[in-house]
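S.K.: Please take these sequences and the hints and turn them into a complete structure.
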Amino acid sequence: MRLTVNGRNHDVDAAPDTALLYVLRNDLELNGPKYGCGLGECGACAVLIDGVAARACVIPIEGCTGRNIVTLEGLGSREHPDPVQDAFIREQAAQCGYCLNGMIITTKALLARNPNPSEHEVLEALRYNLCRCGAHIEIVRAAMHAAGHALEARD
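Each number in the working numbering corresponds to the 1-based position in the sequence shown with 443 added.
A hint or two may mislead.
Ranges of calculated distance between the beta carbons of each label pair, as one might list FRET restraints [to be verified]:
| # | residue 1 | residue 2 | range |
| --- | --- | --- | --- |
| 1 | Arg570 | Tyr478 | 20 to 30 Å |
| 2 | Gly591 | Arg445 | 31 to 41 Å |
| 3 | Pro459 | Ile532 | 36 to 46 Å |
FYI, nobody ran anything at the bench for these hints, they're computed from the structure.
Glycine included, every Cβ here is placed at the ideal spot set by N, Cα and C.
M.R.: As structure tokens, this is what we get:
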């Protein structure tokens, strides 16, 4: 099967029902998407498929052929991070960082369809991405920063 990931074509030798996450991590060595729950519920494995945030742990690769897949690595580089990545860095929106892949990918998808979201819309978009560390305030602040808004720190 041929997959287009981060702008490059990859011929993948895997069963059609193999989860996209396993191909990304094991075959293509892209470690941005994380294995979290394996059920598509936590968001750690999120990728963009044709610009829409999707849970790679539950999507078989057969449904991804002919589609544009973007992982965290495809957004930007260490030297030139994507504006969403940069906002998360500037706002120090992480503790352990395990959820960040999903938070950043979901924020990127939100801003692609709504470049000027309200705080409520950011909260709604991120509500199904789980973070156990309690960095939610910083994550929302980073998403708003990426959208061009600044939120004051709250107590």
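S.K.: If a hint holds in the structure, say so; if it does not, say that too.
M.R.: Right, here's what the structure says about each hint:
Evaluation of the 20 to 30 Å hint for Arg570 and Tyr478 yields a pass: the beta carbon distance comes to about 21 Å. The supplied range of 31 to 41 Å is met by Gly591 and Arg445, whose beta-carbon atoms lie about 37 Å from each other. In this structure, Pro459 and Ile532 meet the distance hint of 36 to 46 Å, their C-beta atoms being roughly 38 Å apart.
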